[in-house]
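> Each chain, letter by letter, is given below.
There are 2 protein chains.
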Amino acid sequence: MKFNHIALVGLGLIASSIALALRSKDTNIKITGFSKTKKTREEARKIGFCIVCENYEDCIKGADLVILCVPVGVMSDVTEKISPYLSRSVIVSDVGSVKESVVVEVQKKLPKGVFFVPAHPLAGTENSGPSSGFATLFENRYCIITPSDKIPLEIIKKVRLFWEKLGSNVIEMEAKHHDLVLSVTSHAPHLIAFAMVGVADDFSKVTNSEVINYSAAGFRDFTRLAASDPVMWRDIFLNNKDAALEILGRFTEELFTLQKAIRKKDGDYLLKYFERTRKIRRSIISAGQDTAEPNFGRKQ
Amino acid sequence: MKFNHIALVGLGLIASSIALALRSKDTNIKITGFSKTKKTREEARKIGFCIVCENYEDCIKGADLVILCVPVGVMSDVTEKISPYLSRSVIVSDVGSVKESVVVEVQKKLPKGVFFVPAHPLAGTENSGPSSGFATLFENRYCIITPSDKIPLEIIKKVRLFWEKLGSNVIEMEAKHHDLVLSVTSHAPHLIAFAMVGVADDFSKVTNSEVINYSAAGFRDFTRLAASDPVMWRDIFLNNKDAALEILGRFTEELFTLQKAIRKKDGDYLLKYFERTRKIRRSIISAGQDTAEPNFGRKQ
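First to last, the sequence lines map onto chains B and Y.
Going by the working numbering, the first sequence opens with residue 209, and the numbers climb by one from there.
Going by the working numbering, the second sequence opens with residue 209, and the numbers climb by one from there.
No false leads were mixed into what you were given.
For identical chains, the list gives no copy identity; a pair is met inside one copy or between any two copies.
Simulated crosslink set (DSBU-like; lysine-lysine; CA at most 30 Å straight-line):
#, residue 1, residue 2
1, Lys449, Lys473
2, Lys289, Lys316
3, Lys320, Lys358
4, Lys246, Lys487
5, Lys244, Lys472
6, Lys413, Lys384
Derived from the structure by calculation, the hints contain no laboratory data.
Work out the full structure, taking the sequences as your base and the hints as a guide.
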């Protein structure tokens with residue numbers, strides 16, 4: 209059930225973390241990688257987490273698992289470029305944060321006989337690039353896979369085992385449902401964080417240094433999400449437009465209801481609301497999805 | 209310039225952290241404390257960070273610094289209760305997150321000859337109660353003081369030195385400006401976090417367990433702020449209504465502009481926006497106001 213040669217297309221945070229995690233568990237596996245950006249290839253080569261190739265062909269040839277680790281906006285183009293080098297019955301997967309639209313586009317570009325098992329490891333940090341990867345990134349995190357019902361069960365099982373080996377809990381769901389769930393737990397929170405950081409940066413009655421110096425009172429938490437990779441996030445919003453806008457619409461309704469309660473000085477409503485939201489954090493901590501330490505246990 | 213006897217009115221996270229910080233620096237100072245809640249007094253007594261009194265009188269009598277560590281909604285009532293026991297030329301301070309309205313109300317209830325130096329240490333965690341305090345809470349954090357121009361300079365200096373001893377950088381500003389700055393860096397981010405957590409909890413197409421399990425993709429960061437003390441936050445919004453609503457209005461404008469860019473597929477606008485917000489986090493880290501470690505350095 210094991211793969212012998214894994215090709216990583218793209219050499220950012222996720223690709224380097226996959227390679228480092230594999231290296232920490234299994235030294236026999238061959239890992240090749242390619243990025244179209246020369247600087248990224250050089251950075252990756254310096255770290256040495258995989259064999260860095262100079263073109264798609266050298267990277268892909270002979271691989272039995274190809275993982276697309278590029279922003280969702282270029283998945284389709286990259287698939288077109290690698291498709292001549294894909295051998296029959298190779299497994300292609302990805303790590304994109306949007307599934308429905310991307311799966312359709314990638315599938316169109318793949319040659320017949322290739323098995324596509326889309327995946328999304330729910331893991332990452334606000335940093336990007338090959339130097340930001342680390343071997344434990346996927347431990348105790350979920351990885352959602354959204355294969356079509358045409359994919360044989362043993363192929364799905366192979367991909368499942370791959371992610372489980374890296375420490376992830378693998379869950380299967382429909383691509384459309386994935387995109388809705390992630391709009392709630394990831395895409396909307398990120399856009400809201402980007403917007404709040406934008407307001408603070410733009411509000412002339414409060415100076416930029418005031419915003420920065422007094423950020424520990426709450427604002428700094430938003431800046432972590434708003435520091436995530438700009439290209440990746442542009443592509444996510446353009447490719448998951450409908451679900452993102454639906455959740456943002458609901459969020460605005462909710463915010464307006466709270467604003468109205470403030471305006472009308474409805475303290476009871478606010479208190480009940482805040483008591484309810486407090487409980488959700490406890491559930492997340494119990495589920496092992498965040499630290500129980502105050503302030504995320506940070507040192508500053 | 210030192211105080212001999214400090215009275216803490218209220219025994220929550222901030223009061224216990226003040227006492228623990230003082231104890232870690234100066235063993236001679238007398239610290240008394242009182243909370244109207246019996247359970248809180250018992251919890252505080254068990255930890256032993258101060259002399260826990262059974263009424264306001266015993267707590268206040270003889271103190272040369274009285275710090276109001278209660279939610280801003282009860283500051284005025286509590287001031288009325290302690291005022292018979294305040295000796296002439298005692299210094300009264302507070303730790304409330306809202307200044308303008310609260311300062312006016314507290315000042316009204318104070319007897320003549322008492323010096324009121326309002327303060328707001330920008331420090332805390334999502335936890336509350338006496339057990340959540342710790343001695344290093346104020347280290348490298350800002351403390352904003354908003355004294356009126358009638359307060360003698362040597363009195364202000366004494367309060368400054370007090371907070372500096374606990375590790376804080378003390379900044380003086382107008383109460384009104386404080387409330388605006390904190391709306392940006394604290395109050396609006398908290399309300400937004402409460403609203404986003406409320407949406408997630410309420411959205412029936414996505415189950416509660418999905419929200420919890422997949423929260424590491426961004427949402428969990430919001431749950432920390434939304435887990436903060438409900439009574440404290442109700443009082444903040446009711447007492448800083450205008451500034452909070454102003455910032456929330458600006459935030460909504462900004463969010464709508466981003467939503468429109470998504471709807472129109474304006475990738476250039478999104479990319480430039482996200483590149484700008486990314487820079488702000490770097491400034492916060494350079495200013496020593498957050499950790500540079502990815503994911504706040506958390507262990508989960």
